[in-house]
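So the protein sequences, as listed, match chains A and B.
Counting from 1 along the first sequence, just add 60 to a position and that's the residue number in the working numbering.
Counting from 1 along the second sequence, just add 713 to a position and that's the residue number in the working numbering.
Rather than coming from a laboratory, the hints here were simulated on the basis of the structure.
Just so you know, these numbers come straight off a predicted model, no measurement behind them.
Don't take every hint at face value.
To be verified - On the chain A side, residues computed to face chain B include the following (Cβ under 10 angstroms):
# : residue
1 : G135
2 : W285
3 : G337
4 : S340
5 : Y351
6 : R370
Said to hold, decoys possible - Per the computed footprint, the stretches of chain B lying under chain A, defined by three or more beta-carbons under 8 angstroms from a beta-carbon of chain A, are:
#  : segment
7  : 774-783
8  : 802-811
9  : 828-837
10 : 880-893
11 : 924-932
12 : 939-950
13 : 981-993
Think of the CB as a built atom: it goes at the ideal place given N, C-alpha and C, for glycine as much as any other residue.
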Amino acid sequence: MTNTATSTRAIVTGGASDLRPRRAGTGRREQLVSWAFLAPFVVAFVLFLIWPIVHGIYLSFTDQSLTGAGGSLVGFANYAEALTDPVMWRSMGNTVWFTLLSTVPLVAIALLMAALVDRGLPGQWLWRLSFFMPYLLASTVISQIWVWIFNPQIGAANNVLEAFGLEPLAWLQNPETNMMSIVIATVWWTVGFNFLLYLAAMQNIPPQQYEAASLDGASTWRQFWSITLPQLGPATVLILLLQILASLKLFDQAYQMLGGVASDTTRSIVQYIYEAGFTSYRFGYSAAISYVFFALIVIVGVAQAVVSRRRKEQL
Amino acid sequence: MSATTLAPTTETIVAPQARARRRPHVPGQKPFGPLRIVAFAVLALLAIGWLLPFLWAVATAFKTETDAASGDPGWIGASGPTIEAFTAILSQGNVYTWAFNSLWTSAAVTLITLAISALAAYAFSRLDFTGRKWLFAVIIASIVVPPQVLIIPLFYQMLTFNMIDTYWGLILPQVVAPAMVFILKRFFDAVPIELEEAARVDGASRFRIFWSIVLPLSRPILASVAIFVFIGAWNNFLWPFLVINDTTLMTLPVGLQTVISAYGVQYAQVMAQAVLAALPLIIVFIIFQKQIVKGVATSGFGGQ
């Protein structure tokens, strides 16, 4: 009885429960078979993930250059330099600023889109295509489209401003607006992914709850506030985390929309890693910045884990 | 309160069987209530907002360079629509090479990722071996490592392996996808064990069971994972940009990036090339829409 219950649950929820068969007398053989299954992945995993992580830490303590010169240990010099490097802090600040600016609309607009599409209005196919299609485009493509839209002379963005009686802007050229321009392009590009996550979460809410509420005379609006929204908590936590982590990795669009030119107001930390390693040829220093950035990511991850644990305790 | 509410975060969203279904008609709900009309209007406005930039790009691709540069916001330029920009792009020999490189290297990344991840996921799901929990924990933990952090040591590794400017250097570092192992393991966990036990009694080997029972049952999740890995590889910019300098080995995104400056302000050509580069994935989306939507719902992992 217990058995059946477990496996049904496992199928319904995607089950994390342990269903491995255990048969006596297959120990040694099973070990060999297991490693035959694991070997290809584990080899690639060690070679292209674990080893680079370890070797990167080593490189960050050397003065290795891209050209092969250097390579002697310099202790914490790279880290000391990174932590007192105004460009590093500026890039870190830009990255965090971009993350703050982009995360709010990327979650809020996605929620709005999903809530509206979940109403079951006609044209589902069209809504999903419109909102998700940009996500499929390469960063090169979206950068080209938005550079053209933001072109101060011939771009459509200023046509829109003019239509509302506003002053035209030099979007990407102006250091005061270039980060905002990148945020707009990014929201357009990636909101579809969060939209689909929200939509999936909403469609997992049992329809009976809405039927019952409806019979009790609850309005659509009321149903959204009292049924839909409260149950989106776990989805929101996950979407927020994924979004913050994705936004912190800003590089492609910012680099390309400014034509590869470094700008003090848009240079992201990944761009600085790239510049230190591949423009200044300083591999050791670049590796050190990489790990400062990695520390930031780990802090965000830990913070999220603490927050979600506290949330769970409150439940 | 349903069980869904109490389930852990990922479980709610990551349920492999998440069905895409439309909400059934709710009794008492007016089909044309005022709220529904407002909802429809807002939705339509958002959709227009999201489609316009792309449609503008398409329209510009069909203009002459003079019309594109005129700043006239009209959909059709003064000289009428033309495919000049497209023919100019396509007469550039490299575009075909880049498209071919993108296609086959993305396919290779997808196949290798799928093969090695599925094998490992099966071992974690069904086999018993020393260090299973420990190894799985390490693999899961590695999901948080952003590939951007590893570009320096990976590039250095490619230098030592003599893999700079080779297809292998482009492909191999992209095939390690711990998140995919996690997703596939969850799916395999949910496959009823009874099916495999019957085959084991008949003397089928583990690999045989994996190949002829588990994989065929896992087609939907394999399709979702494959589509995501493919899109990711097709659109990847940073790694191909670093590891490939040889023009004939470039992928489409990197190749296009290198010629933008060469085109200067030839906006019709730039847009034509953006449209051409986007076309394959839009076709893929229209064909595989269900799997992609389900894939996002299932995995929650994509990344930019």
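Hints versus structure:
no., hint, verdict
1, G135, "violated, 18 angstroms"
2, W285, "violated, 13 angstroms"
3, G337, "holds, 5 angstroms"
4, S340, "violated, 12 angstroms"
5, Y351, "holds, 7 angstroms"
6, R370, "violated, 13 angstroms"
7, 774-783, "holds (count 3)"
8, 802-811, "violated (count 0)"
9, 828-837, "holds (count 7)"
10, 880-893, "holds (count 5)"
11, 924-932, "violated (count 0)"
12, 939-950, "holds (count 4)"
13, 981-993, "holds (count 6)"
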